[in-house]
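Asker: Now for the letters of each chain:
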Amino acid sequence: MYNPRQSRKFPTMLNLNLKTTPFHERTSALCQPQNWRKWAGYFVVGSYEHVLDREYWAIRNSAALIDVSPLIKYIIKGKDAAALLHRVTTRDIYKMKVGQVAYTGWCDDEGKMIDDGTVSRLEEQTFRLTAAEPNLRWLTMNAIGMEVEITEVTDEVAALSFQGPNTRKVLNLVCEKPVDELKYFRLMENKIKGANVTISRTGYTGDLGYEIWMDNKDALTIWDALMEAGADYGITPVGILAMDMARVEAGLFMLDVDYTSTTHAWIESQKSSPFELGLDWTVALDKQGYFVGRRALEKEKREGSVWKLMGLEVNWDGMERIYKSVGLPPQIPGMAVRGSLPIMVGNVQVGYASTSSWSPLLKKYIALAHLQRPYYEIGTDVRMEITVEHHRQHAPAKVVKLPFYEPEWKKK
Amino acid sequence: MTSSNTYDAIIIGGGHNGLVAAAYLACADKKVVVLERRHIVGGAAVTEEIFPGYKFTEFSYVVSLLRPEIIRDLELPKHGLKILPLPSTFTPMENGDYLAAWDDHDLTRREIYRHSPKDAEAYDEYARVMARAAKAIKPIINLIPPDPSSLHPRDLFNLLKVGQYAASLSEKELYTIAKLATQSSADLLEEWFETDALKGTKAASGIIGTFLGPRSPGTAYVLLHHYMGEIDGAFRAWGFAKGGSGGVSGAIANAARSLGVEIRVNSSVKQVKVKGGRAVGVVLENGDELDSKVVMSAADPKRTFLQFVEPKYFPDEFVTSIQNFRVRGSSGKVNIALSELPRFTALDEPALYRGAVSISPSIDYIERAYDDAKYGQISKRPYLDMIFPSMIDPDMAPPGQHVLSCFVQYAPYDIEGGWDDAKRNQLGEAVISTIEQYAPNIRECIVGMQVISPKDIEAIAGITGGNIFHGELLLHQIFFLRPVPQWADFRTPLKGYYFGASGAHPGGGVMGAAGMLAAKEMLKDGF
Chain C
1 MYNPRQSRKF PTMLNLNLKT TPFHERTSAL CQPQNWRKWA GYFVVGSYEH VLDREYWAIR
61 NSAALIDVSP LIKYIIKGKD AAALLHRVTT RDIYKMKVGQ VAYTGWCDDE GKMIDDGTVS
121 RLEEQTFRLT AAEPNLRWLT MNAIGMEVEI TEVTDEVAAL SFQGPNTRKV LNLVCEKPVD
181 ELKYFRLMEN KIKGANVTIS RTGYTGDLGY EIWMDNKDAL TIWDALMEAG ADYGITPVGI
241 LAMDMARVEA GLFMLDVDYT STTHAWIESQ KSSPFELGLD WTVALDKQGY FVGRRALEKE
301 KREGSVWKLM GLEVNWDGME RIYKSVGLPP QIPGMAVRGS LPIMVGNVQV GYASTSSWSP
361 LLKKYIALAH LQRPYYEIGT DVRMEITVEH HRQHAPAKVV KLPFYEPEWK KK
Chain G
1 MTSSNTYDAI IIGGGHNGLV AAAYLACADK KVVVLERRHI VGGAAVTEEI FPGYKFTEFS
61 YVVSLLRPEI IRDLELPKHG LKILPLPSTF TPMENGDYLA AWDDHDLTRR EIYRHSPKDA
121 EAYDEYARVM ARAAKAIKPI INLIPPDPSS LHPRDLFNLL KVGQYAASLS EKELYTIAKL
181 ATQSSADLLE EWFETDALKG TKAASGIIGT FLGPRSPGTA YVLLHHYMGE IDGAFRAWGF
241 AKGGSGGVSG AIANAARSLG VEIRVNSSVK QVKVKGGRAV GVVLENGDEL DSKVVMSAAD
301 PKRTFLQFVE PKYFPDEFVT SIQNFRVRGS SGKVNIALSE LPRFTALDEP ALYRGAVSIS
361 PSIDYIERAY DDAKYGQISK RPYLDMIFPS MIDPDMAPPG QHVLSCFVQY APYDIEGGWD
421 DAKRNQLGEA VISTIEQYAP NIRECIVGMQ VISPKDIEAI AGITGGNIFH GELLLHQIFF
481 LRPVPQWADF RTPLKGYYFG ASGAHPGGGV MGAAGMLAAK EMLKDGF
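Residue numbers (the numbering used here), protein chains in the order written: chain C, 1 to 412; chain G, 1 to 527.
Just chain C, with the same shape it has in the complex:
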């Protein structure tokens, strides 16, 4: 008799499990706290250890190995591949050389951000685009009449983010060709244990770092090779929670956490332009021809932006005083917090912090803050909400420029 109430009669509920990445065999064996996170339909490790410290410090001091396979990836190929990306993104794609990588956002016609990611020119007519969310529909809509083929390769291409000051040394030990000459935001073809890899000097931590792109079938070989070669250099598998702290220090924002895609927004005020997110440097208004959002972005450039994403440093002494008044030492979570915190000037709310984090390196409480004109000027004194012993308080803080941390070796 068939009765699913008696679940033991069912072998597994495979259909409803999330996907696992090509590294799962390794990552699952290492994940001590069973701290898994959902990312674009996959399970990824939140943290490998019970406390985040060692993972965080691996990013900043040695070599962090992070499984970023769920990142959505498209291969865009054909005569008009450059034209499509030139039209969709805000960067001047025509100026990109083969082997170059560009970080960019892309907008709707009102100049509001849909998503952000990197464009890599793999060949003259072949690009890879990474994205936080699926964008195939948007790309296809913009490719009408173009000679271009768009293929999602998320499930076929595994990716490791290898971040930290020792990563170059480790890569040189395992790669067929040295990576010394690989410049910031450039990529190269290489081989590890005979397997083809693309290595780009990119990352989401603001440190020296690389991203390694490979065929799924080679994933475990490459993981093992790196772990073996990196053993003497402090290589550490790192989950996405520690990466989240590093990216705040690096002033890097995240879709659905720090901004809302226009495709998700319920109301206008939830949308952000690239200028409002501090991406002025990625908006090539001088580039040739039309691109989506151009008119709106030109207008915003002329008139100035109402909002701006800035850094916020909480004044430690001021915060300590508030805690002290109830007899407590300062208490803040040892990880990045994705929750909106009001920012005040006097009794008026002038903005909000979308991610806040303790910075173990800087020994500061920092936040990514969305501020309204004129309060986004560097040096402005504001106050950020903190909850002290169940009471809402406001800690003094200062507006600073992003990133909070940028080591000299990041781009060297």
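Treat each hint with caution, since some may be false.
As the list claims (entries may be wrong) - Simulated pairs of lysine-lysine, BS3-like, Cα-Cα distance not exceeding 25 angstroms:
hint	chain 1	residue 1	chain 2	residue 2
1	G	118	C	38
2	C	77	G	118
3	C	77	C	97
Stated by the list, open to error - To list a few chain G residues with every Cβ distance to chain C over 10 angstroms, as calculated:
hint	residue
4	77
5	163
6	179
7	372
8	460
Everything labelled a hint here was simulated from the structure, so no lab data went into it.
Even for Gly, the Cβ is constructed at its ideal location relative to N, Cα and C.
Fit chain G to the supplied structure of chain C, relying on the hints for placement.
Answerer: Relative to the frame of chain C, chain G by itself:
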């Protein structure tokens, strides 16, 4: 006549709207009686044990639009209301594959991706566009429809509110709504998707309760109507009430009783008493008379205006409009007691039984089902919306046994040759042989079966024409046109006589809004 037969208000019909109205009036300290024709309350929201131990949620079977304020105001959870999640939709396909929408967004995306990467993404965007349109249109549900031609201050005020509201919409929202109001669901869906099973399943919700096919204009709006339940997101949309739809009526009845409402079952109303141009009570079929200051009907518009009250009390034009109100029943219900669950060949997965199973492999499939109905036939291969209530609420069937609720469309009220047992068997057989295509062991599982035709809906639940919404949700039959122009504010041309049921604004579904809004209007008028 004794004082015990004298009330402030009489409510005709103990369906969920009648009970809601009664409870709201009782909240205002009115002495209220609800008169129900049958031996149980609930109307079309009833649960009955047709076969011992197996509870059938006989007619309506899911809840999405029950107004949350009603749940709060009447403290329904205290009176037993629990709306359990109905998390997925499973559509088996003719080629042996299937399409599923699970409650997890990523899982659903991956599942659709298997069929079409393009659709997987369009699905998200479509859901957002529809949710935005639903959000934009939802405030209308709680507005009293104004008569746009009237200069009465109340109408002007309400019209102003509608105007203000329309002005608050963005241009894009207005275009979307205008399009949704005029398109067919097939046209709308073909703009978005390429997977047949996806289009079929989505289109199905655009035809429920109408006598239209997915290619008929106006069905896109019905589709949106069904989306309203989904925009509350975290508040959980479609659900199955503990105990079936009878659980909803039971909770409302309990709430009403606790507020002092008297509920009389087996009390069929023959006529509304009229004196000096006012409704002043009712006469029951058994000859009993009850007096009251006001009367509200929670029956369908035809019975409310053509049966309970002599037409001479209404303007001719009004009577004609009611006569023209479209109440073509197009769907039936097959409730099945099962010794075990049927196995779907496409997927061996327990989770699918906790959600809906939709037999809607393509738009063409449903349109063909409609073709049969257009000419007075039962669809040879009907659209089915099935749930397994016992998998959601284990108390619906004996341990180890199950019940299956199949909504079936099309089964036209005006069937060629009329409804009889042979036709009923034919409908049952059409359903079973359809399920059999996807779950071949269905016949072996059947312990008992109840086939309900639109004629039975009329006979048992008392809904003229057997239309599940008391009148189709067509554009010319909604908002200030429901049930007829100038009389959409729950009042009627007969003073003291009110109308608060699914045939009034905002329409059908186990929503309760018509009953609540009617009661509030009655209280505004004072009695």
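Asker: Against this structure, judge whether each hint is valid.
Answerer: Taking the hints in turn, this is what the structure says about them:
Distance hint between residue 118(G) and residue 38(C) is fulfilled; the C-alpha atoms sit about 22 angstroms from each other, no more than 25 angstroms. For the hint pairing residue 77(C) with residue 118(G), the CA-to-CA distance comes to about 18 angstroms; that is within 25 angstroms, so the pair holds. Distance hint between residue 77(C) and residue 97(C) is fulfilled; the C-alpha atoms sit about 15 angstroms from each other, no more than 25 angstroms. The claim that residue 77(G) lies off the interface holds: its Cβ sits roughly 26 angstroms from the closest Cβ of chain C, which is beyond the 10 angstroms cut-off.
At the 10 angstroms boundary, the C-beta of residue 163(G) stays outside the reach of chain C, the nearest C-beta of that chain being 21 angstroms off. Its beta-carbon lying about 18 angstroms from the closest one in chain C, residue 179(G) satisfies the requirement of being farther than 10 angstroms from that chain. Consistency note on residue 372(G): stated as away from chain C, and its beta-carbon is indeed over 10 angstroms from all of that chain's, at 33 angstroms minimum. With a cut of 10 angstroms on Cβ distances, residue 460(G) stays outside the contact zone with chain C, its closest approach being about 31 angstroms.
In terms of the numbered hints stated before, the structure departs from none.
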